[in-house]
Amino acid sequence: MRVAQLGSGTPEIAVVAGVHGDEPCGVRAVERLLDERPTVERPVKLIVANEEALERRVRFVDEDLNRAFPGDPDAKTHEGRLAHRLVEELDGCLTFSMHSTQSHGEPFAIVNGVSETAKAVVPQLPVTAMVETSNFAEGRLFSEIDTIEVECGLQGSETAAQNADRLTRAFLTAVDALPGDTIHSDLPVYRLTDVIRKQDADTYEVFVDNFTEVEAGDPFAAADGDTQVADEPFYPILMSPNGYRDVFGYAAEKLDVLTAPPAAD
2 MRVAQLGSGT PEIAVVAGVH GDEPCGVRAV ERLLDERPTV ERPVKLIVAN EEALERRVRF
62 VDEDLNRAFP GDPDAKTHEG RLAHRLVEEL DGCLTFSMHS TQSHGEPFAI VNGVSETAKA
122 VVPQLPVTAM VETSNFAEGR LFSEIDTIEV ECGLQGSETA AQNADRLTRA FLTAVDALPG
182 DTIHSDLPVY RLTDVIRKQD ADTYEVFVDN FTEVEAGDPF AAADGDTQVA DEPFYPILMS
242 PNGYRDVFGY AAEKLDVLTA PPAAD
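Residues 2 to 266 (the working numbering) are what the sequence shown spells out, left to right.
Calculated from the structure, these hints are not laboratory results. It cannot be assumed that every hint is accurate.
When the alpha-carbon atoms are kept at most 20 angstroms apart in a straight line, the in silico SDA-like pairs for lysine to any residue are as follows [said to hold, decoys possible]: (1) K46 <-> L35; (2) K77 <-> G140; (3) K46 <-> T134; (4) K120 <-> P189; (5) K255 <-> D195; (6) K120 <-> T134; (7) K77 <-> D65; (8) K120 <-> D182; (9) K255 <-> N136; (10) K255 <-> A121; (11) K46 <-> E145; (12) K255 <-> F212; (13) K255 <-> D219; (14) K255 <-> D210; (15) K255 <-> T129; (16) K255 <-> E233; (17) K120 <-> E233; (18) K255 <-> D225; (19) K46 <-> S135; (20) K255 <-> P189; (21) K46 <-> E32; (22) K255 <-> I197; (23) K46 <-> R33; (24) K46 <-> V28; (25) K255 <-> S186; (26) K46 <-> G8; (27) K46 <-> T129; (28) K255 <-> S135; (29) K255 <-> V196; (30) K77 <-> M2; (31) K46 <-> E89; (32) K120 <-> L35.
Ranges of calculated distance between the beta carbons of each label pair, as one might list FRET restraints [said to hold, decoys possible]: (33) L35 <-> G157: 19 to 25 angstroms; (34) V4 <-> D63: 19 to 25 angstroms; (35) A121 <-> A202: 42 to 48 angstroms; (36) Q163 <-> V230: 37 to 43 angstroms; (37) I184 <-> E89: 44 to 50 angstroms; (38) V88 <-> Q163: 27 to 33 angstroms; (39) D225 <-> E139: 27 to 33 angstroms; (40) N243 <-> D219: 17 to 23 angstroms.
The C-beta atom is built at its ideal place from N, Cα and C for all residues, glycine as well.
Given these sequences and hints, build the entire structure.
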């Protein structure tokens, strides 16, 4: 784990990259900040988390770090021990954690509860949606640390790396660490309600688009040609044929739309 800091004092803001070793987009954003060393108005902690997995270019060494929290200093796995160290390092910090996905190209945020902090900060980020995932938060970083996660784009893409840099700077501006203004946007809010599992098969297909409502009776995926049909309406989130080993993705409900404040005269 690599830990660095911008500014002096005790940070209450942190940026985390490289939780998964096959998602390097956030690492590039952190490295650019370290290269440029911008003047900050409040100190910021910068962390590249799973360096060993990044070096191997694998998602994890022993287990998924973002399912290993709070961790244990005596854990048998690399990620179990690392999770404990990361929780200690982030104690007291509002944390911005960057990821990428195989299922959706546009950036969106994931939070563990639609808190006042989330409602204040996330609409200032260049994201298309906010997803509340408290029903599925066990073992994730935000189950222990006040965290805003962002999916920056498609895994391994140059666009995801560019988005990570843009998202990080918007976050640091929104929390008054970098000077400047942000753009408030209307933001739809969703809540994950169920896991959409898939059976063992040789081929998988997904027929729907993420964040677009699926009506009851509509086919939405297939495994070896065996089509799954929606029993009730839902919004697909993180749906892809091969993004996860045993699930297609998640079903969600739409909760709200956070509206942008009116522009000043």
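Outcome of the hint check:
no. : hint                              : result
1   : K46 <-> L35                       : holds (11 angstroms)
2   : K77 <-> G140                      : holds (16 angstroms)
3   : K46 <-> T134                      : violated (25 angstroms)
4   : K120 <-> P189                     : holds (11 angstroms)
5   : K255 <-> D195                     : holds (13 angstroms)
6   : K120 <-> T134                     : holds (15 angstroms)
7   : K77 <-> D65                       : holds (13 angstroms)
8   : K120 <-> D182                     : holds (17 angstroms)
9   : K255 <-> N136                     : holds (15 angstroms)
10  : K255 <-> A121                     : holds (19 angstroms)
11  : K46 <-> E145                      : holds (17 angstroms)
12  : K255 <-> F212                     : holds (9 angstroms)
13  : K255 <-> D219                     : holds (18 angstroms)
14  : K255 <-> D210                     : holds (15 angstroms)
15  : K255 <-> T129                     : holds (13 angstroms)
16  : K255 <-> E233                     : holds (14 angstroms)
17  : K120 <-> E233                     : violated (29 angstroms)
18  : K255 <-> D225                     : violated (30 angstroms)
19  : K46 <-> S135                      : violated (25 angstroms)
20  : K255 <-> P189                     : holds (7 angstroms)
21  : K46 <-> E32                       : holds (13 angstroms)
22  : K255 <-> I197                     : holds (17 angstroms)
23  : K46 <-> R33                       : holds (14 angstroms)
24  : K46 <-> V28                       : holds (14 angstroms)
25  : K255 <-> S186                     : holds (17 angstroms)
26  : K46 <-> G8                        : holds (9 angstroms)
27  : K46 <-> T129                      : violated (26 angstroms)
28  : K255 <-> S135                     : holds (14 angstroms)
29  : K255 <-> V196                     : holds (16 angstroms)
30  : K77 <-> M2                        : holds (17 angstroms)
31  : K46 <-> E89                       : holds (13 angstroms)
32  : K120 <-> L35                      : violated (29 angstroms)
33  : L35 <-> G157: 19 to 25 angstroms  : holds (22 angstroms)
34  : V4 <-> D63: 19 to 25 angstroms    : holds (21 angstroms)
35  : A121 <-> A202: 42 to 48 angstroms : holds (44 angstroms)
36  : Q163 <-> V230: 37 to 43 angstroms : holds (38 angstroms)
37  : I184 <-> E89: 44 to 50 angstroms  : violated (35 angstroms)
38  : V88 <-> Q163: 27 to 33 angstroms  : holds (30 angstroms)
39  : D225 <-> E139: 27 to 33 angstroms : holds (31 angstroms)
40  : N243 <-> D219: 17 to 23 angstroms : holds (21 angstroms)
The structure fails hints 3, 17, 18, 19, 27, 32, 37 (numbered hints given earlier, in ascending order).
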